[in-house]
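What follows is the residue order along each chain.
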Amino acid sequence: MHARRFVSSSLVVLGLLAPFGLPAAVHAQAADEFVPVTDAMLQDPDPADWLMWRRTLDTLGYSPLDQIDRGNVGDIRMVWTRALGPGLQQGTPVVYDGVMYMPNPRDVIQALDAVTGDLIWEYRRDRPDDLAEYMIGSLTDTNRNIAIWGGLIIDTSGDDYIFALDAKTGELVWETEVLDYRVHPANQTSGPIVADGKVVSGRSCAPKGGPHACVIVAHDAATGDELWRRRLIPGPGEPGDESWGNVPFEERKHVGSWMVPSYDPELNLVYVGTSVTSPAPKFMIGGTDLKHLYHNSTLALDADTGEIVWYYQHLNDHWDLDHPFERLLLDTAVAPDPAVVPWINPALQPGEVRKVMTGIPGKTGIVYTLDRATGEFLWAMPTTAQNVVSAIDGATGAVTENAELVFEREGQDMLICPSFVTGGKDHEAGAYSPLTGLMYYPLRNVCARMMATTEGGVTLYNLAQRQQIAPGTDQVGAVYAISAETGATAWVYEQRAGTTSLIATGGGLVFGGDGNGRFRALDQETGESLWEINLGTSVTGFPITYAVDGQQYVVASTGSSLSSRDNMRLTPELRPSNGNNIFVFALP
Amino acid sequence: MVRRFTFVSALIASTLTAVALSAPSASAQVEGYTPVTDAMLQDPDPADWLSWRRTLDGQAHSPLDQIDTGNVGDLRLVWSWALRPGPQQTTPLVHDGVLYVANPGEIVQALDAATGDLIWEYDRGAEAPGNSFGGPPPGRMHRNISMYDDKIYLNTADAHVVAIDARTGDEVWDADIDQDVGYQFSSGSIVADGRVVSGLTGCGRYREESCYIVGLDANTGEELWRTSTIALPGQRGGDTWGDLPPMFRAGSDSWIPGSYDPVTRTLFHGTSQAKPWARAVRGTDGDALYTNSTLALDPDTGEMKWYYQHLPGETLDMDEVFERILVDYDDRRSVFTMGKIGVLWEMALETGRFRSAHDLGYQTVADIDPVTGRVTYRDGTIPVIGEEIYWCPSTAGFKSWRAMSYHPGLEAFFVPIHLNCETAVFGPVDRVAGGGGTGPVRRTNHHHPDSGEQLGEFLAMSMRTGEVMWRRRFRTPVNSAALTTAGGLAIAGGWDRQAFAFDARTGETLWETRLPTSIQGFPITYAVDGRQYLAIPTGSGGASWGGMLPRDLTPEVRRPQGGNGLFVFALPE
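These protein sequence lines map, in sequence, to chains A and B. For what it's worth, this note's numbering labels the leading residue of the first sequence as 1, then goes sequentially. For what it's worth, this note's numbering labels the leading residue of the second sequence as 1001, then goes sequentially.
Keep in mind that the hints were calculated from the coordinates and are not lab data. Check the hints yourself; a few may be wrong.
What the hints assert, rightly or not - Result set (SDA-like, lysine to any residue): computed pairs, CA atoms no more than 25 angstroms apart in a straight line:
| no. | chain 1 | residue 1 | chain 2 | residue 2 |
| --- | --- | --- | --- | --- |
| 1 | A | Lys168 | B | Val1557 |
| 2 | A | Lys208 | A | Lys168 |
| 3 | A | Lys168 | B | Pro1555 |
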């Protein structure tokens, strides 16, 4: 792959922006104001900034900002809002030095004055019009996050490129084709992280793209040159090849990594999570006894080479219960409480401080804590209703699926918890607060009657499902507060509407939204709602917080996502509107 | 809603059977609805906003004073609601804590006015008609709805009036006003003593029929009358179109809702210019009655009690169609209006006799005799086909659909203004059935020479003297209608996303926020359970001349596309 570079001519086609085709002037910051973003800054960001998807490379979704706190959060008010472009909207703003860089759907990126919401520049990628012929069309809208490094804004595109914009002007600096979307199509719904100058990105590979589309790729942040790519499906002669039995290499499909990696600079490891196969029921692809690596796994990759240092498979998945979500990297005492944690490594010395990878990596809602240097299993615990994992061997971490629910033939119809599309957990991210030692997760109490079928249903997985609220409750939405050290659940907040992404702040707050347009602040310690507003439309973007000139701001954005749509079908009395907007709040 | 954990349920066995939970109904309805009477429309509860401009006198002034000059800085967003995409200039109505709002595309919603939760939605689901110039842009715009008894009235782009059950959102009746002629509605109706009265648009085409205002029975939808806004041969004023046959007497759309005086039982409607716009193009130098006039109509019969033509034989698309505001002062009852050229006209309410004309001083089109109101067009402002002319304002107008409000305590009008001028060359039309329209115009927008390259102005104008009490200028247009309150506030919003509360006495900005896109439509205020709310509509859809000025004249400012919505503010509880 060759990186195409552009000198300085603006590819921000202004005529496309002005609705009537007339040139519109763009005023950019003075060049001398911009201080390049270094790896050191990414690895220890200024609390005023929000430089990546979850603010830090350990993916904690925590900001030390504490101007807005439990005492005064009731006084915050919307200070500006701005319409985002059309399409499925789940963006995360990056804020650096008072400028907000916002990924809009359909590969539109805007730089906004973070105080006023005024547009500084806009990049609008010229996208081919045949993407939907090769991949899931609606998902080509989705643009969850972008990265910043040096003087560049870096993103993956719907047409399977990775590209960098001049952060001062929005001009394209480099772009590199990752995959030819007509040959190896992949939905790039999430953007990259930057790990010591390397841009690491994953994607959801369309089945017709075969195994070669299922890759994690690293590019040189400065040049766009490709540094390595790690295929997530082993081929003949590679470790794990045997886990596919007799399935021919070209028939091994769709083990993607469609969320954002984490990075530990000290261990120089990148952590990625993977999805289910296509089809999902394993009797259709070689047999239920095969592992089909590396589906539904955590992979720790050497950031320099992409080599797999270790992997852990969370679920041999027959039900499209992906495990690509955020991995929280923590150094914490590990003392799982046997009263609540069913699966514990017997070799664990309770209370010892370990470098762990923890959190809820998959749709099942199960918390997994692993040693992030070695992949050693430490403990695991279910949260919301799940019936697919029946046991985990504490000594080995080996997962035993519920044999009664493993599809053996077409037409089998069973109640599976959780459902696919909504989870349990889905792409909506959790957060960790060092103030409480608690992890906060937006989860859904949703199950589904699920059937293995090659006729109808979701052909990508050969599954059909009819979702329902989990037995025994009428509340779809939940926020769980779980001790990272012990697994004890401090509190659970539940409500009718499905909950969406969270952040935690130094003010002792958890901010998050829901499918019914509410955005609220919960007390980290008690789960009490201290402030709430109705934004009218499902809160689908990832919240952030930042500060400019000493004023703290909190951001929410609204729109739609596949999971919010499905959740809302379960609560038909809640009928929000449908508008893509970003909202910014602050104290007076 | 917080559940403290005593134990964690580990696994749910696969043998669990699904608990059948009955989902609550998705089609809720308004509980405890109180029918709206004529008495309520004619003296509305300050907590409600029952008509386009709150009261039938068109003042858009609210007696609510909880939000005032001292505390308006504490206003905060309490809920918002995205409106559907499309051309958006809506006015919400509020009755008994329920907010009714028309979305682009013939969709009406009832929302809980305190929380923003949807109660019901009506979606007509009709095909959108094509655009006939002067009609609403493609996508179907609704400036307002009206309500009476237990019904909401929606005027549609194919010129139907649809009555919707205010409790349930069910359609009650659909009155086809158009009968396949091709007329349209962009504005809704007002309700005058049980009559639903609407003016048409899309009247620019050459056709046998001529434009009219129509009155329906509010209960049944039965058409009670229609009054032509064009003087036809043989009728009074019929000779003011020269010898043009009826087909070529086009325009005189009444595309803005009227006002109503229940004391004299008189409707006041404005009419637009003749079409094609230019005399030379339409083929007559005549006055072209009843274009650019105020019409006083009987609500029972539609009979014209009087008319006053503001700009006889107008020839530059200088509409005088906008809101009519009825003001009683001293021993007088007057009708006020301001058209595109920025002249505030005052007429006697009972007779239509000219009382005064106060020129903001920006226009270059006409001289108006302050005693008689007689109009003399200035040299060089009567276009000749093919020759470029320059005048102020442009076809966007200084004043437009962005209605002014009237503060009775301050005896002042609060007027959203666009500052701009135009050069244009008018071209000919073929005088054939189906032709006509505005006529071809090759036009260029300019900043007004007195504007300092500011497009937007918001000003307070003395009702008695026409004196400008204060004016505020902005780089981009003031893009909403005005609202005033007994709290001493004047509310309006800008093209560049700013919503403002000004001190109505001084013009000082007391509160400002930024919304997703242009403030576009008609802000209102209402109260629920003693708490006052301010509802501000936003929109980017719907090309209007004024909304297009920034493209040419302030290109450094761009507004997001999308962002149609309603943003509701209140003081902290």
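Check: Would the pair Lys168(A) and Val1557(B) pass a check requiring their Cα atoms to be no farther apart than 25 angstroms?
Finding: OK: Lys168(A) and Val1557(B) at ~18 angstroms, within 25 angstroms.
Checklist line | Distance restraint between Lys208(A) and Lys168(A), which requires alpha-carbon spacing of 25 angstroms or less | finding: Judged against 25 angstroms, a Cα distance of about 39 angstroms means the pair is violated.
Next item on the list: Assess, step by step, whether the Cα of Lys168(A) is no farther than 25 angstroms from the Cα of Pro1555(B), and give holds or violated.
Entry: At roughly 19 angstroms apart (the allowed maximum being 25 angstroms), Pro1555(B) and Lys168(A) satisfy the hint.
Hint 2 from the earlier list is the only one contradicted by this structure; the remaining hints agree with it.
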